[in-house]
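Q: Below, each chain spelled out in residue letters.
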Amino acid sequence: MMVNARNSEASSGTARWLVGAVVVVALFALPFILSQLGRTGEYWIWVTTEMLIMALFAMSLNLILGYGGMVSFGHAAFFGVGAYTVALLMKKAGAPLVLALALAPVTAAIAAAVIGWFCVRLIGLYFAILTLAFGQLLYMVVFQWYTFTGGDDGIHGIPKPEILTPIAYYLLCLVLFLICFLVMRMIMNSSFGLTIRTIRENMERAKFIGVNVRRFQWYNFILAGAFAGLAGGLLCELNRFAQTEFLHWSKSAEPILASLVGGMYSLVGPAIGSAVLIFLKIIVQQAHPSLVETWAIFLGLILLVVVLFAPGGLVGLYQRLTGKSET
Amino acid sequence: MRRTVLKGLAILFVAFLFGGGALPANSNAADTIKIGFVADVSGIGATFYKSQKAAIDLFVQQTNAAGGVLGKKLEVVVRDAQLKPDIGANMARELILAEKCDFLIGPTSSAVALAVTKVSKEFKKVVYFHTSNTEALTSTDYQPFMFQVVPNTVIEGRGIAQFLSKKPFTKYVYIGPDYAYGHTQHNSFKERMAQLKPDAKILETIWVKVGETNYSPYIPTLMAKDPEMLFTSLWGGGSATFIKQAKPYGFFNKTGITSLYDLDMLRVAGMDMPEGQLGYARAAFYAIDTPQMKEFNQKYFDKFKEWPADWAIMAYDGLIALTDAIKKVNSVDSEKVVTAIGGLKFKSLRGDRFIRAEDHMMNAGIYVGTTTKDPKYKDFLIMKDVVEVPAEQVWFSLDELKKLQAGQK
Amino acid sequence: MSVQFYLFLLINGLSLGMLLFIIASGLTLVFGVLRVINFAHGSLYMIGAFLAYSLSLLMTGGSLFSFFVMLLVVPPLIAVIGFVLEYTLFRRIYRAEHLLQLLLTYALVLILDDLVRLVWGGDPRNVTRPEFLAGSVSFFGMALPTYNVFILCIGPAIALGLWLMLYRTRAGNLMRATVSYPDTLGALGVNVSWVMTSTFMLGCWLAGLGGVLMSSFANIDLAIGMEKIIECFAVVVIGGLGSVGGALLGSLIIGVGITWLPVLLASVGVQEASRWALVFPYAMMAVVLIVRPWGLFGKPER
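Chains as they are written, first to last, in the numbering used here: chain A, 1 to 327; chain B, 328 to 736; chain C, 737 to 1038.
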């Protein structure tokens, strides 16, 4: 499996870089093309910005989900911590955006370190449920702590620097997204990443060859939390509010669904998945008024089809179509 | 074979994406006024949405039949915010930018409303709130492009305190959902009661989770205080469930209950609802004695085979105010319409009303009364001796407003 | 507060726990045999409640007869729905990863919950309690609702029934054997997939029963499924995934905890005690998972 993947990677390496470069150029050009389309275009700039952010969120989860084989139902906790970090720093402490965005992954990583320390002691379903329990605990704390977090009203009216036009913010998110993408790629191709994958494939064996499984999983959990925190901070600034929903378990489900639809066993899969889901939600509702009321059924059916017929997601489907093996 | 099928599926999928993507390019013809409704369609929002949408459809149908507004037809586009603020904000942006809506109608959830009002401010499009009644919309989060036609939480809390302070009770207990709505209403009630009747005390305060379905753990604790009156911020199915569960404990032998008796709540409580309980409605179709209301009731009943819930009446009133403002400035440009909203006087279903210039709050009071059976309505109780606590007596004073609005950055 | 008062609360809490147990036992039973945590269990319970509502409209409300008809008709109907789901969907994913199984059931939640809205509308619904159970009995001079007492009796009956079935019948032996040695059982000529289907149907039957009991207990709306599934999660995790006895203990801990905790906290001077008590199920779940991940009654997996 692994060897196979390596070979195909080597042979199509140049082609991959080329495709990557084209995609990046297209992503940079996109807002300028969209802005020619008037207000509709302006809306799609908002949407694509959100897609980038949610893609980052989904990719961050995939570090533990796809690469680490650890199903977390509490990943939104770190997304929320990042969002509230930005909201509180900017609204209450008057911090500049750059500082707030820099600190969002830090606080999220701290939260992930604490929660992760307990969670990595468990495996499989038990791990999943403990992350859910911690996620919901944090959610309730934020929900109830009116004086600090604003309770369920959330924190609104986060300042927006003048220079941040929608296009500028899109570009900021894009640059951060690409940096994170490259960093994640680097990490996952490093010996650390290979160890994480080894643990996923066979935890017992990893233990036998002397890998400190818990420690590696813990580090990975913290890493994933940090990237999620950055995503949360970015979404908070985009919407200019932080809200308890950001920590709710239904928010944790979003990147899981995105990873599933996009494909869990590649870095870009979850990003593609989350973009596709956001896109679908909008155009389905635009397609016909009756679909506004039945979007949940629609989403449920998509999931059913993916689970039953294409568990590798879109990337898996693509690989099957082009005859490439799954990594 | 398998691969061909997969390829076919992929092509279909791509075709679907682009086919769908091409659809929103619908033109915004000059002869329509597009109104975007950021609704909470799914989940527990569904029951509110049904009445809101019905009333809005009725208004659009009537107005268009009468030639529209400024000769333009009204058109409503709905999006589901799913009770989630970030989705609500996104949908509001879509309605304004992609669907080219000229105006917005707000959602049910207050948390979503707070997100939507920010979008309205950013894009300078008028929005009105008819069910989401957080007082923050007109105070700490006030922005001129919104107006609110529902009695806000403070008006409710103070109004009910004013009403109850004239009754002989002094021993109160409270139970409410543990979120902003419950806490604000509780505090407003407590403060106003302390001013009006210092000897009245809240002996026990219990917070339950939002959407709680089991009150039996709390009912004995409330009863242990031997209260004369329970004030609760539970609403809809929640307060109806409370009543259903408290009844066999003998709770109502000694204690009364005061709550929001909106039509949906009265319908679901049905004949479980005890008679002679004091309570309030945001807009009671059976008690408001204006010709417009009577006509509306009849038309609504003829069309939907049921009576209009409070949310229907308020959603409809909002559209009256909005279209009046449009007519007044003779333009559909939100930036012009907004100049007509502060101080606007209009004929609402609830009578002659105005929108206060300082906070764009309609002088919407609450309707207080006593539950009773009425032969006209077989499945539910209504309230008798209904009077309105005028908003002017209980809403934020201008001094309070100034402080709260200045609290904004 | 007097001892009687605490006892009264205890009875209250136990009846709350029993209702929880009836629903949670189905969840844990299905997990035990199928190794799938069925998120859609809450949705099936909700469908049961709404079906009970529809049935109640066909008969005179509040009669004992209609209540028994509901109890007899609705749970088997839910079991049939369960059969369809198991046969068409769940069967395909028993060997898949946990994540895919969870996502399949999550997809079902999305679909079923919205179908309920489309079929029954979004309004909360009220099913009148049968007159026989609508009153109250005296307990230390305090009125205790008969319906709570009724649930308090049904819960142990179900627990006993489940125990007898699991440990005293052939079907139960097969179920328990499937938990431990599905392959051996298959090799012995037992139709394992049939055992799984029946277990799933039994789980759904319990969800349906819980739905019927709930429909007369509170008003039902579109949120009750989600509310209950989270509580059941806590119960099942605390008791031990797959253990029916654990589900019973977990239900009683949660039920009594929720009831006692606000009063206990308040009596030691905690402000707004009821708000703190809301965190209890999650905190309890986290503590159990950290200290004893396999739950109070469960067995460590490896």
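Hints listed in this document are in silico derivations from the structure and should not be mistaken for laboratory results.
Since the model is a prediction, treat every value here as computed from it, not as a measurement.
Idealized CB from N, CA, C, for every residue including glycine.
It is possible that part of the hints are untrue.
Mimicking SDA-like on lysine to any residue, the simulated pairs with C-alpha atoms at most 25 Å apart in a straight line are [said to hold, decoys possible]:
1) B:K674 with B:E449
2) B:K552 with C:G925
3) A:K281 with A:G312
4) B:K536 with C:G857
5) A:K160 with B:D384
Non-contacting residues of chain C with respect to chain B, defined by C-beta distances greater than 10 Å in every case (computed) [unchecked claim]:
6) V739
7) F804
8) R831
9) A913
10) M950
11) L985
12) I994
13) V1027
Q: All hints are to be evaluated individually against the structure, with a verdict given for each.
A: We went through each hint and held it up to the structure:
{"no.": "1", "hint": "B:K674 with B:E449", "result": "violated, 30 Å"}
{"no.": "2", "hint": "B:K552 with C:G925", "result": "violated, 65 Å"}
{"no.": "3", "hint": "A:K281 with A:G312", "result": "holds, 21 Å"}
{"no.": "4", "hint": "B:K536 with C:G857", "result": "holds, 24 Å"}
{"no.": "5", "hint": "A:K160 with B:D384", "result": "violated, 38 Å"}
{"no.": "6", "hint": "V739", "result": "holds, 13 Å"}
{"no.": "7", "hint": "F804", "result": "holds, 20 Å"}
{"no.": "8", "hint": "R831", "result": "holds, 20 Å"}
{"no.": "9", "hint": "A913", "result": "holds, 37 Å"}
{"no.": "10", "hint": "M950", "result": "violated, 7 Å"}
{"no.": "11", "hint": "L985", "result": "holds, 19 Å"}
{"no.": "12", "hint": "I994", "result": "violated, 5 Å"}
{"no.": "13", "hint": "V1027", "result": "holds, 25 Å"}
Checked against the numbered hints above, the structure breaks hints 1, 2, 5, 10, 12 and satisfies the rest.
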